[in-house]
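Visitor: If you follow the hints, you should be able to join the two separate chains into one complex; please do so.
Line by line, the protein sequences give chains F and C. Mapping of the first sequence onto this note's numbering: position 92 corresponds to residue 92, and the numbering continues sequentially without gaps. To convert, count from 1 in the second sequence and add 113; that's this note's numbering.
These are calculated hints, taken from the structure and not from any lab test. Please note that a few of the clues may not be correct.
Listed next, the in silico EDC-like pairs over lysine to aspartate or glutamate satisfying Cα-Cα at most 16 angstroms (straight line) [stated by the list, open to error]:
id, chain 1, residue 1, chain 2, residue 2
1, C, Lys228, C, Glu123
2, F, Lys14, F, Glu79
3, F, Lys44, F, Asp26
4, C, Lys191, C, Glu128
5, C, Lys228, C, Asp194
6, C, Lys216, F, Glu59
7, F, Lys57, C, Asp194
8, C, Lys216, F, Asp56
9, C, Lys186, C, Asp144
A few chain F positions that, by computed beta-carbon distances, are all more than 10 angstroms from chain C [stated by the list, open to error]:
id, residue
10, Thr7
11, Pro8
12, Met41
13, Val50
14, Val60
15, Pro83
16, Thr86
17, Ser106
Using N, Cα and C, we set each Cβ at its ideal position, and we do this for glycine too.
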Amino acid sequence: NAGVTQTPKFRILKIGQSMTLQCTQDMNHNYMYWYRQDPGMGLKLIYYSVGAGITDKGEVPNGYNVSRSTTEDFPLRLELAAPSQTSVYFCASRTGRSNYGYTFGSGTRLTVV
Amino acid sequence: AQTVTQSQPEMSVQEAETVTLSCTYDTSESDYYLFWYKQPPSRQMILVIRQEAYKQQNATENRFSVNFQKAAKSFSLKISDSQLGDAAMYFCAYRSRMEYGNKLVFGAGTILRVKS
Numbered sequence: 001n002a003g004v005t006q007t008p009k010f011r012i013l014k015i016g017q018s019m020t021l022q023c024t025q026d027m028n029h030n031y032m033y034w035y036r037q038d039p040g041m042g043l044k045l046i047y048y049s050v051g052a053g054i055t056d057k058g059e060v061p062n063g064y065n066v067s068r069s070t071t072e073d074f075p076l077r078l079e080l081a082a083p084s085q086t087s088v089y090f091c092a093s094r095t096g097r098s099n100y101g102y103t104f105g106s107g108t109r110l111t112v113v
Numbered sequence: 114a115q116t117v118t119q120s121q122p123e124m125s126v127q128e129a130e131t132v133t134l135s136c137t138y139d140t141s142e143s144d145y146y147l148f149w150y151k152q153p154p155s156r157q158m159i160l161v162i163r164q165e166a167y168k169q170q171n172a173t174e175n176r177f178s179v180n181f182q183k184a185a186k187s188f189s190l191k192i193s194d195s196q197l198g199d200a201a202m203y204f205c206a207y208r209s210r211m212e213y214g215n216k217l218v219f220g221a222g223t224i225l226r227v228k229s
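Same shape as in the complex, but just chain C (with noise of 0.2 angstroms):
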């Protein structure tokens, strides 16, 4: 079975900066997805960024990119210019492409606090 570990319970990140959240994965298959939801204290879970395994160009959706190491199973979400907005939980979400019943595989999230 697959597992997706988020080391950091809580970052901290000063508005307009920089910060990285780091995720890993286990999985023994090739083709897979890769993703980042966002989930503000309204509940709502948003997607922020997806990657595609077998694409070796990095994702990215505005101030949102990754850095996906396949070979190290490493998926980290970067946030550039920090905004208040973003504070938030952030889960790091795996899928199988092949496996009966598209079912998502979530990390244990990392709280993201953002300082004015």
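The following block holds chain F by itself, in its conformation from the complex (with noise of 0.2 angstroms):
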């Protein structure tokens, strides 16, 4: 059982350019989310699903994209990278019948240049 994988771990981004964070879990968990931690700061919430096909803007979307094709997979978006996005991000996922078992991935580490 992997839970939540992220993938890549480290990534360094020149501006302007693009990539996708890879997310998948492999639980059929309903609920998927997408945070990034910036140094000194808590996680805020950038997008989230809450069953394939379905996506929602948390507190922070701007710059990024999301799409839900898939239970497992929940891949977030970066269009035209920016500085403010350096960050480290992270994936999480839940069944929608727990009150709680919120499961994260590792984190991706993103430097913007």
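Guide: And the structure:
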């Protein structure tokens, strides 16, 4: 049981480049989330999904896009990377039935130069 | 919108001593969950303890316990018999019971240093 898998773990992008952060979970969780963590700050919600085919904006969605074509995968797309997107990105998932039980991936450290 | 505030950017504790991390939150709801997460240098987010707002009894998990004051909207974490492995960033988080999406709202975190 792998849990939530994020790839890559590290990445350096040049300003204006694009990339996709991958997130896969094998627990059949309906709910999935993308958070970003800036230095010295808490996690802020970028996008979330309550099931395949459904996505919603979180607190800081500008500059990002997501899709949820399957229950397992929830990729985060960065278009035209900017230095302000330098951060650590976390994907998380949970079953809709539990009162708690969020499972987090190990994070992707992204640097935009 | 709900907010979570952790007013202590850093705390230090001597090994084997007790330390309390503070957390306050703002919500108009009466039914919600509160969490403390630990983030060691590995970046992994580890659930330490959780509290359901409708339960008056404070949650306890081994050396970790909370002081939940619902009227004051306060949720502090007490770590007893501190160990070197407790050194980490600690996040307080809130989740509405009824709100669509079951989203976690995090505080800014408190860095805990443990001295030997």
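Visitor: So, for every hint listed, does it hold in this structure?
Guide: Each hint, compared with the structure:
1. C:Lys228 to C:Glu123: 13 angstroms, holds
2. F:Lys14 to F:Glu79: 12 angstroms, holds
3. F:Lys44 to F:Asp26: 24 angstroms, violated
4. C:Lys191 to C:Glu128: This hinted pair holds, its Cα atoms lying about 14 angstroms apart.
5. C:Lys228 to C:Asp194: 12 angstroms, holds
6. C:Lys216 to F:Glu59: 11 angstroms, holds
7. F:Lys57 to C:Asp194: 42 angstroms, violated
8. C:Lys216 to F:Asp56: OK: Lys216 of chain C and Asp56 of chain F at ~11 angstroms, within 16 angstroms.
9. C:Lys186 to C:Asp144: 12 angstroms, holds
10. Thr7: 14 angstroms, holds
11. Pro8: Given a closest Cβ separation of 14 angstroms, the condition holds.
12. Met41: 5 angstroms, violated
13. Val50: 6 angstroms, violated
14. Val60: Holds: least Cβ distance 12 angstroms, greater than 10 angstroms.
15. Pro83: Pro83 of chain F is indeed farther than 10 angstroms from all Cβ atoms of chain C, at 21 angstroms.
16. Thr86: 15 angstroms, holds
17. Ser106: At roughly 6 angstroms from the nearest Cβ of chain C, Ser106 of chain F sits no farther out than 10 angstroms, so the non-interface label is violated.
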